[in-house]
Amino acid sequence: MSVLEACNLGRRYRRTWALREFSVAVPAGHVVALVGPNGAGKTTLLHLAVGLTAATKGTVRVLDGLQPGCADALAGIGFVAQDAPLYRYLSVTDMLHLAGNLNRSWDAQAASSRIASLGLPRDKKVGALSGGQQAQLALTIALAKRPRLLILDEPLARLDPLARHEFMSLLMAAVAEDGLSVIFSSHVVAELERVADYLVVLNGGRLQVAGEVDDLLAAHRVLTGPADLAAAAAGQLNPVRSSVAGAQAHLLCRTSGPGEPVPSGFLAQPVSLEELVLAYLRDPSVVALPGPELAVRA
Amino acid sequence: MTIDKQSIQDGAPPIVFRLDPGSGVPTYLQLVQQVEQALRLGYLSQGDQLPTVKDVVAALAINPNTVLKAYRELEHRGLAVGRPGQGTFIEGTLRHVGIAEQNSLRKALVAWLESADSAGLDEDGIVAIFHSALRDFREHRVTGRPAGRDRGAETGTGQVA
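Protein chains in written order, with the numbering used here: chain B, 11 to 308; chain Z, 266 to 426.
Just chain B, same shape as in the assembly (with noise of 0.2 Å):
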C-alpha cells in the first residue's frame, strides 16, 4: 500500500525547475510532513499529486498507481489548498450544500456532526468566520467526502496557536477514527514532531530526507566533545552539520543504532526533529534517503 509514489518526478516552469529528480515511495497509513523553505517546490509536488498540475518529466502516482485527477483519484483524495478556499459569500449551511453535490461521495450526517461539535454558526457567512474557523471548516468539508488520502497545502500558516491546536485536534482525531492518510506540507518545524511520523524535506527543488520520524531520529545522534579532536573525528564520522567553537564542538552525526560505541572524549546525545530538520535544510547537498544504506553522502 503506497499513498504517493514518484519516480524522477520533475515539473519545470518556464526556464526553472521547480522540482527535480523527485523520488519517493510514501506507505499508506502515516501523517507525512513536507517540509521545506519557501519555493522548495513543496505547492508544486502538492499539485502534481492532486493532478492541478502536470509532470514535465518522470512519474507520479497516487492511491496504489492511480494517475493524479483520475476520477477514482479525485473522490479517494480530500484536498484544501493554502489559504482554505471557500466561497466567502455563502453561508456555512450552504457552503456544504455546495460541497455535498460536487462530491462524488459525501457523508453529510459526520460534517453535520462535527459542525455542531466545533460550534460553528450554520447561519453565518462563511467571510465572517475567524481564519480559524475557516480553516476547521474547510477541513470538515475535505473529511465529509470520507477520502483515503487528506493532502493539505501549509494548513497552519496562518492560524494562531490555539486555533493550530483545534486544527490538529481535529485532524488526528479523524486519522484515528477513519484511518486515513495525511500529507501537509509546513514550514513550521517546531510543532511537527507530536504530528507527524513519516518526514519528507524538499530543499530547492530536490528531495533531501525521506522515512520515518522515529527511524530518522533513530539514525542520528549529536556528539558533544572537545574541538581539537572534532576535527580528526569529523573526517571519519562525516557529520551532517558540525558547530565548533574555540574549546567545544557539536556533530550531528548519522549512527548505525545505539550499539554504536561514542568515540573517547564525546558525550552522545538524542537528536530532536527540529535539530535534524534544520541541520539537513542548512546544507542542501546532504541527503538521507531510506534504502539498504539509510544514509548517503550526495
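Derived by calculation from the structure, the hints in this document are not laboratory data.
Covered, in the sense of this in silico footprint (three residues per stretch, anywhere, with C-beta under 8 Å from a C-beta of chain Z), are these stretches of chain B: (1) 184 to 197; (2) 202 to 216.
Here are the simulated lysine to aspartate or glutamate pairs, EDC-like style, with alpha carbons at most 16 Å apart: (3) K67/B / E31/B; (4) K134/B / D104/B; (5) K135/B / D104/B; (6) K334/Z / D224/B; (7) K67/B / E15/B; (8) K334/Z / D207/B; (9) K319/Z / E187/B; (10) K334/Z / D225/B.
So these bits of chain Z aren't anywhere near chain B, every CB distance computed over 10 Å: (11) G307; (12) H341; (13) I364; (14) K372; (15) A384; (16) G385.
In this text, all values refer to a predicted model and were calculated from it rather than measured experimentally. By construction, the Cβ of each residue, glycine as well, lies at the ideal position given by its N, Cα and C atoms.
Following the hints, position chain Z against chain B.
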C-alpha cells in the same frame, strides 16, 4: 474559570494526559510515565480503563500512533492489557517500595551527595549529573540495552528500540 466537563462526568476516564513539550522526553514516554505516576498515586487501579486513543488524540493533538506506542509499552511492562474492540485496561500494579527500603536507598543517596560535595560539585552540577544519568538509565531500560556506555562494543550490534 471553567472546569472541563468531561473530567467530572460519570463513566469518564479516570485520568487525563498532559504534555510538556520542553521536557525532552519523547511524547509516548510522557504518556507511559503519567500512567505509572497515576498508579503510584492511586488515581488508577486494576480494571480501570485508560482514555481511548481517539480521546487522547483529540485532547492533545498528537499522532494516534504515538498513543498506540505508549499503550503497547504499558502492555510490555505488564501494567495494561488491550481488549480488542473495548479499549486498554489497567492490569498490573507497580511494586510498592517499603519504608525501610526507601530509607536505605535514601541513605545511599545522601552518602553519594556528600562525596559529590567534597569533590567540589555545586547543587546545579549535582542536578545536571543526576538528570543525565537518569536519562541514560531510562533510555537503556526502554531500549533494553545494558546500562553504561560500553566504548569497546562492536559497531552495529543491531539492537532495535
